[in-house]
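Peer 1: Sequence:
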Amino acid sequence: MTATTPTATAAHAAPTARTGRLARLWRGRPEDAPWARPAFLGLLAVTTALYLWNLSASGYANSFYSAAVQAGGESWKAFFFGSLDAANAITVDKPPAALWPMALSVRLFGLGSWQILVPEVLMGVGTVAVLYAAVRRRFGAGAGLIAGAVLALTPVAALMFRFNNPDALLALLMTVAVYGVLRALERAEGAAKWLVLAGVAFGFAFLTKTLQAFLILPPLALVYAVCAPARPLRRFGQLGLAGLALVVSGGWWVALVELWPAASRPYVGGSQNNSFLELTFGYNGLGRINGNEVGSVGGGGGGGQGGGWGETGPLRMFNDSIGGQISWLLPAALLLLLAGLVVTWRAPRTDTARAAFLVWGGALLMTLGVFSFMAGIFHEYYTVALAPYLAALIGMGAAVLWEERTRFAASAGLAAAAGVTAWWGWTLLGRTPDHLPWLRWTVLVAGAVAALGLLAAGRADRRLGLAAAGLGLAAGLAGPFAYTLETLSTGHQGSIVTAGPAGAGFGGRGPGGGGPRMDGGDGGRNGGTQPPNGFPNGFPGGGQAQGGQFQGGQFPGGRMQPPGGQSPGGQNQPSTGQTGQAPAGQMPGFGERGGMGGGGGMGGLLNGASVGAEAKEKLLQDADAYTWAAAAVGAQNAASYQLATEKPVMAIGGFNGSDPSPTLAQFKEYVAEGKIHYFIGSGGGGTGGGMGGPGGGAGSSSEISTWVQENFAAVTVGSATFYDLTSEK
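My numbering numbers the first residue of the sequence shown as 1 and each following residue consecutively.
By construction, these hints were calculated from the structure, which means they are not laboratory data.
Any given hint could turn out to be false.
Unchecked claim - In silico lysine-lysine, BS3-like type, Cα no more than 30 Å apart, as pairs:
{"#": "1", "residue 1": "LYS729", "residue 2": "LYS616"}
{"#": "2", "residue 1": "LYS193", "residue 2": "LYS729"}
{"#": "3", "residue 1": "LYS77", "residue 2": "LYS729"}
Stated by the list, open to error - Now the in silico label distances, taken between C-beta atoms and shown as ranges:
{"#": "4", "residue 1": "LYS193", "residue 2": "ASN273", "range": "34 to 42 Å"}
{"#": "5", "residue 1": "PRO331", "residue 2": "VAL248", "range": "48 to 56 Å"}
{"#": "6", "residue 1": "LEU241", "residue 2": "GLU617", "range": "20 to 28 Å"}
{"#": "7", "residue 1": "ALA714", "residue 2": "LEU620", "range": "51 to 59 Å"}
{"#": "8", "residue 1": "PHE408", "residue 2": "ALA255", "range": "57 to 65 Å"}
Ideal Cβ placement from N, Cα and C applies to all residues, glycine included.
With the hints as constraints, model all of the structure from the sequences given.
Peer 2: Okay, structure coming up:
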């Protein structure tokens, strides 16, 4: 008989424990069906694979943020402030939280497309996972899987979870906040820690996209105050603790920035007075609601019709520009929200099912209302914020009505949701008739058959009911799935991007960035009639591209001022070689690639320059001897050269070229001290679009451009124009 030593016992137990943990990971909770956890893990695996596929096709995606990520990977100071360059001239026009994961990735793995975009993919997969967990707890694994699949296959979600704008992190944090509130609503004991989690999520969401983080705060706080299973004083005390967590998690960075001496930190991009608080409540805050966005394109002061950013109103999310991005299942989500509230109407005050409908529904309606009526800057991709709320309501509502399907009203509700989704999918697919034309009628017929089957689900065999439900879900997801596949197969670059095939929205696609060309150069897909920049109703202010010409449009808040001058009558004039002129059929600074090209001035507003080998080599010569290898008007222009060389390039005027940083006096001082080598007058992808700032013909950027042009000789480097600031005329 052999004695077993403690060491041998431990060695035997360790593999057994590991095997047990792996089994629990695969099997899930004992109360779950055997298929639930494998299906959930499969959903995450498929979402990850889809979002990673063809990821590098987008290159640096939005070079504005990629340049800040590159800077943060080089300088911890730039990392903290969200500076556009490692020498810390100016920040991006948002707080920096969304940049931090990408900058850490670049620090660890070097600069590259995957290093920047993989963190965004992981945020998308994480959002699907948190959404599943939130829905599954009360409505079951099936509802969680439906919600997760709807989110993953929403076209705008597939776009933004593979793109480096702040919206991916915002969507994740908002979903975490909702999850925390739902967990707190489950029981009185332990609720405070979940509310604190929600408060921290809100705080970091504020550090991601400022006041947009607080859109869903009122409905969530109200639902908890009314429905939580605790005494009133305790409920309000817990909400106060969550508010404190929000202030601390979101306010520490703001306090440091505001208290930091302005002379030793970068200028706050997007503000006019070097103040983050001004940026928060102005350009990125109330200005988004009323359209009065000082420092925006054209100088703010938006008017009616969305201030030039598309018509506002209750049907905005369904229009030609936005509908294909987000609205496929939006009618069904609203219908199922109503049905869920009807079913749970007589439940006790603390009923968690009704509270869940109120939380997710309140978040959806609040965000939907603001997006529908805001008069300031609005782009199609903002609607990714709606995707988690919409998806949750689909999963929850379908589960509740399925359980009640023996009642005719419930089965009729399921049938109505399937039918309206099929009809709306048929309508949306009709807006892009050349993209999979057979799918439109397939969706309509399959949805109609599913609706008839669901109508009888309560009296038919369970298997027939499940088949009808599966057919209805497949019909409802077919359209967004097709748009999602098109989104995944195409690279997206620039500041304004849209999901789906051409015609589903206007934005940057393909390796060239930008949107469709005004001269019909978008691969022939748009026929030259669609405006660039993602403006849903033509150019801001009503201008349209007609016959290859821009006709009298305005940017929000004022007339469009081409860099260096104004084209008479709002039309482009034949090129005369003068600054501010452009070839017929193109706005000054619009590149030949389509959309906003790379030149100085307007050319760099929405997408950066195409940096040639000669220009790159020129900038790298003796670059380490200067604080900034170059300076360029507008952040997109500067970003392109910075990403190409990995050397600091000063973005004069910030994103729009309209920020008063640096002033002419400051710029002259930098030049006198030998801190800047070159001034970039026009870029490789542009049409020689002049030297003025994208934000208009006046201000610091215009003054600096004029001073440089008068005092330094221009040198053509490839297709770019450089001014050597170390050698005066």
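Peer 1: Given the hint of 20 to 28 Å, check if LEU241 and GLU617 actually sit that far apart at their C-beta atoms.
Peer 2: Given a distance of about 58 Å, which is not inside 20 to 28 Å, the answer is violated.
Peer 1: Lying within 34 to 42 Å: is that true of the beta-carbon distance LYS193 to ASN273?
Peer 2: holds (40 Å)
Peer 1: Within 57 to 65 Å: is that where the Cβ-Cβ distance between PHE408 and ALA255 falls?
Peer 2: holds (59 Å)
Peer 1: Does LYS616 lie within 30 Å of LYS729 when you go C-alpha to C-alpha?
Peer 2: Judged against 30 Å, a Cα distance of about 24 Å means the pair holds.
Peer 1: For the pair ALA714 and LEU620, does the Cβ-Cβ distance stay inside 51 to 59 Å?
Peer 2: violated (20 Å)
Peer 1: For the pair supplied as a hint, LYS77 and LYS729, confirm whether the alpha-carbon distance does not exceed 30 Å.
Peer 2: Since the Cα atoms of LYS77 and LYS729 sit roughly 36 Å apart, the hinted pair is violated (cutoff 30 Å).
Peer 1: Between the beta carbons of PRO331 and VAL248, is the distance compatible with 48 to 56 Å?
Peer 2: violated (40 Å)
Peer 1: CA of LYS193 to CA of LYS729, is that 30 Å or under?
Peer 2: The hint is violated at about 66 Å.
Violated hints, listed in ascending order, are 2, 3, 5, 6, 7; each of the other numbered hints is respected by the structure.
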